Amino acid sequence: MKRARVAFGGAIHTATPCGDALRLADGRIVGETDVVWLPPVVPGKIFALGLNYADHARELAFKAPTEPLVFLKGPNTLLGHRGRTRRPADATYMHYECELAVVIGRTARNVTRADALDVVGGYTVANDYAIRDYLENYYRPNLKVKNRDGCTPLGPWLVDAADVPDPMALALRTSVNGTVTQQGTTRDMIFDVPGLVEYLSGLMTLTPGDLILTGTPEGLADVRPGDEVVTEIEGIGRLVNFITDDSEFNIAETAP
Amino acid sequence: MPAYGTVYGCLLNYRSALAALGDAVNAPPYQAPPKAPILYIKPPNTLNAPGAPIMLPRGVEAVEIGPALGLVIGRTACRLAEADALDHLAGYTVINDVTLPHASVYRPAIAQRCRDGFCPIGPVLPATADPAALTVRALINGDVRLEASTSGLIRPAARLLAEVTAFMTLEPGDVVHVGVPHGAPLARAGDRVAVEIAGLGRVENHIVEDEA
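First to last, the sequence lines map onto chains Y and H.
Each residue of the first sequence is one higher than the one before, counting from 0 in numbering that gives the first Met the number 0.
Each residue of the second sequence is one higher than the one before, counting from 0 in numbering that gives the first Met the number 0.
Worth double-checking, as some hints may not be accurate.
Unchecked claim - If you anchor each label on the Cβ, the simulated ranges turn out as follows: (1) Glu66/Y / Arg14/H: 30 to 36 angstroms; (2) Thr106/Y / His101/H: 26 to 32 angstroms; (3) Gly21/H / Ile11/Y: 49 to 55 angstroms; (4) Asp162/Y / Ala132/H: 57 to 63 angstroms; (5) Val35/Y / Lys34/H: 33 to 39 angstroms; (6) Gly182/H / Ala220/Y: 42 to 48 angstroms; (7) Gly182/H / Phe248/Y: 37 to 43 angstroms; (8) Thr184/Y / Arg14/H: 46 to 52 angstroms; (9) Asp132/Y / Ala132/H: 35 to 41 angstroms; (10) Thr32/Y / Val207/H: 53 to 59 angstroms; (11) Ala251/Y / Ala31/H: 26 to 32 angstroms; (12) His101/H / Arg27/Y: 51 to 57 angstroms.
To be verified - Calculated from the model, a selection of chain Y residues having no Cβ within reach of chain H, i.e. all distances over 12 angstroms: (13) Ala6; (14) Gly26; (15) Asp33; (16) Arg172; (17) Ser246.
These are calculated hints, taken from the structure and not from any lab test.
All values reported here derive from a predicted model rather than from experimental measurement.
Here a beta-carbon is modelled for each residue, glycine too, at the ideal position from N, C-alpha and C.
For reference, chain Y alone in the conformation it holds in the complex (with noise of 0.2 angstroms):
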């Protein structure tokens, strides 16, 4: 089952897919682009993982880590499916992160790994964005890449955990403008979801609605206003987003 928050004339509902439409739970049928998409989780912690691939650690030339790189992000950085995410005026290098996102379903301590896929609840997309030119080394990556306003969005669904058999064989794919730019499998994760629901619960107790951002293989690309990224994960969703500028927040110029 897949569901997704939307909001509808007035209120935020639940819908389910219908077609290429939704269906609310009280029964109304509407179009995709008739309601505004919500982050499909009330979030709870939200982990994400830098150098999670081999691949992309070797294209940022990293040795890829011998422990997770976790850091953490707070709600105001999520967005829902066919958001606007501003790109600042003095970014030169703004990337895409096709993410695969892991909900936890069950309070989760000192879990093992045979166990840990008995606490996801479910799984969406995410397409957490980087802002390189930000990056320092203090608590690298620092939240000012990591952690702005909009620029993780989320979704659209939230596909139950029972719907996806395997989720270390799923093919991500992003492209920007109809182009495909990155390309990769969930199997070549360094930490695999078993791991990392083992880790972290090691270190401290998950709750559900808790969300694990599980890193993004090799294929960055800059992407500037006005682009159309789709970020997409085999069986899990196809995630629309739309990058745009300061001016839309009335963001003024600062003197060259």
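Here the structure of chain Y is known, so what remains is to put chain H in place on it, guided by the hints.
Just chain H now, kept in the frame of chain Y:
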């Protein structure tokens, strides 16, 4: 303990803390002194009430007791100007940012900062005092082991809020703590620990072994 939103901490925001890194800031892996505020999140599992136990993780002998002034947001705060940033506060709060000692601050310190119960936090208090003239202390078993003034902040409260909200919106109930001074003392199982801010209040807890 009130229901807080997201709690952010700020690393190396006391001159004493940055000075302790010394010339290391110009060497690998850091390469340059920090430019933007260095933030981290104390997630909801870390929030802990005054009086409650702080549990040592298995295999850990001591934790740092980090007194911090928390700025509690009262009104949605986006791209604030420094001049009116403090008008967006609901108040101050007293925070104990409990941390496992870690010398390198190159990678995010999730394992060191995000353990269950590692963020004792008090009530929201009126923000009437000057946030640049507060004395913060850490006490172990009643002895003052660290005392510092918020006058030593690199980014005072209003400037910190302005720089942070330049890229992330804070909502009512969110908290930004201004940082921990250099020299957070270590506490071990059986110790009574407290953090206090003069004129504001005190948050006391005790350290226990992991029962597992």
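Each hint tested on the structure:
{"no.": "1", "hint": "Glu66/Y / Arg14/H: 30 to 36 angstroms", "in the structure": "holds (32 angstroms)"}
{"no.": "2", "hint": "Thr106/Y / His101/H: 26 to 32 angstroms", "in the structure": "holds (27 angstroms)"}
{"no.": "3", "hint": "Gly21/H / Ile11/Y: 49 to 55 angstroms", "in the structure": "holds (52 angstroms)"}
{"no.": "4", "hint": "Asp162/Y / Ala132/H: 57 to 63 angstroms", "in the structure": "holds (58 angstroms)"}
{"no.": "5", "hint": "Val35/Y / Lys34/H: 33 to 39 angstroms", "in the structure": "holds (36 angstroms)"}
{"no.": "6", "hint": "Gly182/H / Ala220/Y: 42 to 48 angstroms", "in the structure": "holds (46 angstroms)"}
{"no.": "7", "hint": "Gly182/H / Phe248/Y: 37 to 43 angstroms", "in the structure": "holds (41 angstroms)"}
{"no.": "8", "hint": "Thr184/Y / Arg14/H: 46 to 52 angstroms", "in the structure": "holds (49 angstroms)"}
{"no.": "9", "hint": "Asp132/Y / Ala132/H: 35 to 41 angstroms", "in the structure": "holds (36 angstroms)"}
{"no.": "10", "hint": "Thr32/Y / Val207/H: 53 to 59 angstroms", "in the structure": "holds (55 angstroms)"}
{"no.": "11", "hint": "Ala251/Y / Ala31/H: 26 to 32 angstroms", "in the structure": "holds (28 angstroms)"}
{"no.": "12", "hint": "His101/H / Arg27/Y: 51 to 57 angstroms", "in the structure": "holds (53 angstroms)"}
{"no.": "13", "hint": "Ala6", "in the structure": "holds (18 angstroms)"}
{"no.": "14", "hint": "Gly26", "in the structure": "holds (33 angstroms)"}
{"no.": "15", "hint": "Asp33", "in the structure": "holds (27 angstroms)"}
{"no.": "16", "hint": "Arg172", "in the structure": "holds (28 angstroms)"}
{"no.": "17", "hint": "Ser246", "in the structure": "holds (15 angstroms)"}
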